[in-house]
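Peer 1: Listed below, chain by chain, are the residues.
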Amino acid sequence: MTSGGIGRSVSTWAAGAAALLGGTAAWANPVPNQLNMTKGVSEWSPYAMHMVALWVCVVIGVVVFGAMFIAMFRFRKSRGAVAEKWSHSTKLEIVWTVVPVIILIFLAHLATGGLTTFADTTGSEMTIKVTGYQWKWRYDYVDYKGKGVNQVGFMSKLEETSDRTRQLRSNLDPEKIQVDGYPTYLLDVDKPLVVPVGVKIRFIIVGGDVIHSWWVPALGWKMDAIPGIANSAWTKIKEPGVYRGQCAELCGQDHGFMPIVVKAVPRAEFEQWLASQEDAAKVEKAAQTAQAAPAPAPQG
Amino acid sequence: MAHEATHDHHDHHGAPSGFFQRWVMSTNHKDIGTLYLIFSLTMFFIGGAFAMVIRAELFKPGMQLVQPYFFNEMTTMHALVMIFGAIMPSFVGLANWMIPLMVGAPDMALPRMNNLSFWIMPFAFILLLSTLFMPGGGPAGGWTMYPPLSLQGESIAYTIFAIHLMGISSIMGAINIIATILNMRAPGMDLLKMPVFVWSWLITAFLLIAVMPVLAGAVTMLLTDKYFHTNFFNAAGGGDPVLFQHIFWFFGHPEVYIMILPAFGIISEIIPTFARKPIFGYRAMVFAIASIAFLSFIVWAHHMFAVGLPMGAEIFFMYATMLIAVPTGVKVFNWVSTMWGGSMTFETPMLFSIAFVILFTIGGFSGLMLALAPADFQYHDTYFVVAHFHYVLVTGAAFSIMAAAYYWLPKWSGHMYSETWGKIHFWSSVISVNVLFFPQHFLGLAGMPRRIPDYNVAFANFNMISSIGGFWFGASQLIFLGVVIHCVFFSKKKAADRSWEGAKGLEWTVPSPAPFHTFDVPPVIHDDELAHGNTEH
Ligand code: HEM
Ligand SMILES: [Cu+2]
Ligand SMILES: [Cu+2]
Numbered sequence: 045m046t047s048g049g050i051g052r053s054v055s056t057w058a059a060g061a062a063a064l065l066g067g068t069a070a071w072a073n074p075v076p077n078q079l080n081m082t083k084g085v086s087e088w089s090p091y092a093m094h095m096v097a098l099w100v101c102v103v104i105g106v107v108v109f110g111a112m113f114i115a116m117f118r119f120r121k122s123r124g125a126v127a128e129k130w131s132h133s134t135k136l137e138i139v140w141t142v143v144p145v146i147i148l149i150f151l152a153h154l155a156t157g158g159l160t161t162f163a164d165t166t167g168s169e170m171t172i173k174v175t176g177y178q179w180k181w182r183y184d185y186v187d188y189k190g191k192g193v194n195q196v197g198f199m200s201k202l203e204e205t206s207d208r209t210r211q212l213r214s215n216l217d218p219e220k221i222q223v224d225g226y227p228t229y230l231l232d233v234d235k236p237l238v239v240p241v242g243v244k245i246r247f248i249i250v251g252g253d254v255i256h257s258w259w260v261p262a263l264g265w266k267m268d269a270i271p272g273i274a275n276s277a278w279t280k281i282k283e284p285g286v287y288r289g290q291c292a293e294l295c296g297q298d299h300g301f302m303p304i305v306v307k308a309v310p311r312a313e314f315e316q317w318l319a320s321q322e323d324a325a326k327v328e329k330a331a332q333t334a335q336a337a338p339a340p341a342p343q344g
Numbered sequence: 210m211a212h213e214a215t216h217d218h219h220d221h222h223g224a225p226s227g228f229f230q231r232w233v234m235s236t237n238h239k240d241i242g243t244l245y246l247i248f249s250l251t252m253f254f255i256g257g258a259f260a261m262v263i264r265a266e267l268f269k270p271g272m273q274l275v276q277p278y279f280f281n282e283m284t285t286m287h288a289l290v291m292i293f294g295a296i297m298p299s300f301v302g303l304a305n306w307m308i309p310l311m312v313g314a315p316d317m318a319l320p321r322m323n324n325l326s327f328w329i330m331p332f333a334f335i336l337l338l339s340t341l342f343m344p345g346g347g348p349a350g351g352w353t354m355y356p357p358l359s360l361q362g363e364s365i366a367y368t369i370f371a372i373h374l375m376g377i378s379s380i381m382g383a384i385n386i387i388a389t390i391l392n393m394r395a396p397g398m399d400l401l402k403m404p405v406f407v408w409s410w411l412i413t414a415f416l417l418i419a420v421m422p423v424l425a426g427a428v429t430m431l432l433t434d435k436y437f438h439t440n441f442f443n444a445a446g447g448g449d450p451v452l453f454q455h456i457f458w459f460f461g462h463p464e465v466y467i468m469i470l471p472a473f474g475i476i477s478e479i480i481p482t483f484a485r486k487p488i489f490g491y492r493a494m495v496f497a498i499a500s501i502a503f504l505s506f507i508v509w510a511h512h513m514f515a516v517g518l519p520m521g522a523e524i525f526f527m528y529a530t531m532l533i534a535v536p537t538g539v540k541v542f543n544w545v546s547t548m549w550g551g552s553m554t555f556e557t558p559m560l561f562s563i564a565f566v567i568l569f570t571i572g573g574f575s576g577l578m579l580a581l582a583p584a585d586f587q588y589h590d591t592y593f594v595v596a597h598f599h600y601v602l603v604t605g606a607a608f609s610i611m612a613a614a615y616y617w618l619p620k621w622s623g624h625m626y627s628e629t630w631g632k633i634h635f636w637s638s639v640i641s642v643n644v645l646f647f648p649q650h651f652l653g654l655a656g657m658p659r660r661i662p663d664y665n666v667a668f669a670n671f672n673m674i675s676s677i678g679g680f681w682f683g684a685s686q687l688i689f690l691g692v693v694i695h696c697v698f699f700s701k702k703k704a705a706d707r708s709w710e711g712a713k714g715l716e717w718t719v720p721s722p723a724p725f726h727t728f729d730v731p732p733v734i735h736d737d738e739l740a741h742g743n744t745e746h
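These protein sequences, in sequence, are chains A and B.
When we follow this note's numbering, the leftmost residue of the first sequence carries the number 45, and every step to the right adds one.
When we follow this note's numbering, the leftmost residue of the second sequence carries the number 210, and every step to the right adds one.
FYI, nobody ran anything at the bench for these hints, they're computed from the structure.
Any given hint might turn out to be false.
[To be verified] A short, non-exhaustive set of chain A residues, derived as facing chain B with CB atoms under 10 Å:
id: 1; residue: Gly84
id: 2; residue: Trp88
id: 3; residue: Cys101
id: 4; residue: Met116
id: 5; residue: Thr141
id: 6; residue: Ala155
id: 7; residue: Tyr177
id: 8; residue: Gly197
id: 9; residue: Ile270
id: 10; residue: Pro271
No residue lacks a Cβ here, since even glycine has one placed at the ideal position from N, Cα and C.
Can you build the whole structure from these sequences, using the hints too?
Peer 2: Written out as structure tokens, the structure reads:
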């Protein structure tokens with residue numbers, strides 16, 4: 045079936061590698077053979093720090109493993125090497141204690157900066173409450189530009205074709221599930237979270253039953269949704285687009301099947317959408333109160 | 210130091226002849242060590258079978274083999290069996306066999322408790338594994354057992370009771386090891402002449418005594434929350450689910466060091482033997498183990514960066530975690546320096562040790578990356594973490610155990626194993642394990658969460674590669690089983706007392722196989738016969 049046979053995917057591999065090296069491509073959702081973390085689309089991104097840490101590790105690795113391989117080559121008994129007797133060198137030991145400390149201080153400095161900006165949710169212009177349930181998400185729009193939002197909130201769960209395909213031995217092809225040519229198996233929902241670009245959005249994240257974790261890689265972070273605790277985090281999305289993620293904390297049997305889709309649209313479009321949702325909520329409310337009111341006398 | 214010291218003058222000559230008397234009633238450190246090793250190898254294959262189920266389901270997108278709930282049972286059981294059934298007991302088995310031989314003691318300090326420590330284990334695991342056959346199934350909330358999810362499971366009481374038993378066994382084992390090392394060393398075996406393996410176990414035993422009760426407390430609170438209406442972790446009743454995570458990881462992080470410090474000890478014995486050169490910086494090695502053990506108590510919340518800790522706490526735990534890289538680095542540099550200027554040969558134990566140094570270090574690198582809290586907001590709970598801990602646990606802990614098995618098999622069995630097949634096992638394992646786990650770094654970075662039974666097709670290729678590596682690695686371990694069985698029962702090649710040319714230490718002064726009783730009379734110690742007898746620095 046799918047499995048993206050290894051042969052078939054050589055071309056997608058090339059695409060993935062190009063995205064990795066070139067980096068210009070907006071590469072916000074997982075692509076086949078992706079090797080590295082996304083740069084993300086939010087103002088805040090751990091990508092740079094990840095790359096610095098990665099290169100630090102690569103360089104140290106080359107030095108240490110290089111020394112090891114030289115040792116393994118030069119000091120073989122089969123090449124007639126005779127064991128030396130020394131087993132100590134204060135100078136060396138000081139060097140390889142102090143040098144790592146300096147590298148660590150540098151990394152810690154970078155990371156502290158990243159944490160400080162991440163923790164700062166001040167100046168946000170919008171609040172969205174995210175609630176994790178077994179096994180779907182609920183989004184409630186709390187306020188936008190200083191004004192309360194009237195009753196806009198909805199459940200968001202795995203869309204139906206994926207849901208059918210993911211049943212045990214469904215014999216349906218996950219590869220067939222695509223949106224605009226992008227494979228969305230298990231990464232698409234019935235109703236996405238719609239947000240504006242260029243606006244600092246504060247998320248309040250809670251758990252409705254067990255612990256979940258709200259994660260959209262393109263936004264750069266995940267945050268646990270815990271019953272009884274209100275966590276907060278922020279994003280400010282730079283480019284319109286559809287950004288996909290998944291629950292990241294084991295939450296029961298369908299943990300793998302509660303995706304997250306964030307649709308970022310230009311501000312004006314968002315405001316329109318929000319207004320229409322508020323209107324729809326009003327109409328619905330009116331209908332509900334009419335229904336709940338004592339039924340008028342039968343019309344004949 | 211001599212063979213006459215190994216003859217006993219008591220009434221108990223040799224091993225009892227009845228099977229029941231010899232194995233079930235045993236108080237002999239060697240037999241109990243053997244029992245531990247057989248038990249842990251069995252668990253290694255059971256846990257491995259669960260892993261095969263996981264990798265088979267993940268072979269390609271779509272659900273082909275098992276229901277999601279059963280998949281979660283598999284991930285949970287795989288971890289519990291591997292950690293508590295395979296890795297920990299095999300280190301205890303090695304401790305039982307080798308510590309008395311290495312310090313010149315006739316047996317463990319508390320031989321009957323030793324018997325009890327072992328015989329608790331099979332019952333604990335029968336209890337745990339039996340849940341798989343019960344209506345409602347086994348635990349499926351992850352080995353970390355986070356509430357409220359874990360409280361939804363119906364088998365939680367069995368799991369908790371099994372964990373209590375394992376904890377009691379570990380604590381008794383640890384007490385025994387400490388008592389043996391502190392009280393039973395032969396005269397002249399100063400603390401700072403002990404093999405690094407003995408040191409590493411001394412420190413590990415203290416870690417065990419410190420944290421196993423903490424785990425017991427945490428799971429007991431789960432039990433009372435589930436059945437006795439307490440609300441420790443129930444937010445609706447004023448409790449806090451995050452409290453469990455703090456308690457769990459206060460146990461959990463030292464626990465991961467419980468699984469690697471003895472490995473450090475093993476590698477520090479094997480590399481000098483095959484480099485024919487004393488270990489570089491003996492005291493620094495011991496001190497590094499001690500400081501890692503200390504630091505392991507103050508880093509637990511690096512498993513919780515995404516639970517929404519206050520920024521001050523994130524910064525503290527981030528800095529503390531990064532600090533661990535320093536003593537860990539010292540150990541790696543010292544192993545490399547031990548090799549430098551040596552006269553190396555590459556028998557199977559050495560091959561596994563070299564692979565350990567390289568691949569454990571790769572796991573350390575990803576550990577350092579995970580320690581950076583802002584980056585961990587991405588890495589956390591993804592396959593990147595899965596890759597990290599399998600590099601430190603499989604190519605770290607498990608490889609060190611295999612290295613130890615090859616290194617000491619001649620002493621245990623009196624025969625040499627087949628070097629050819631040992632090498633085949635090594636190369637097959639070392640290649641497949643990287644095919645298995647290296648692509649998981651990519652999967653995690655690309656955005657694949659851990660503990661999911663199915664995934665988007667973008668993750669298909671690396672998952673397939675990983676699964677192929679997994680089946681291959683699993684099959685390779687059958688070679689190991691074959692080599693061990695061949696060595697013990699069929700090998701014709703007699704092992705010398707000093708089975709390896711460069712081997713030093715008391716264990717090589719007794720005959721191979723080591724007789725049932727050794728060092729009934731304390732050996733006379735000559736410093737230059739010890740692996741670390743002359744470490745005036
Ligand atoms: C340089 C040393 C190390 C550092 C800095 C380090 C750091 C970390 C961090 C920060 C995490 C949490 C990642 C996350 O969940 O987002 C982690 C997870 C883990 N580490 Fe390490 N680690 C190191 C060495 C080890 C060793 C030696 C072992 C075991 C032998 C180990 C076993 C584990 C395990 C089992 C987990 C995952 C636990 C779970 O969530 O189920 N680590 N490590
Ligand atoms: Cu989940
Ligand atoms: Cu840890």
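Peer 1: Which of the numbered hints are not met once you compare them with the structure shown?
Peer 2: Hint check: 7 and 8 fail, others pass.
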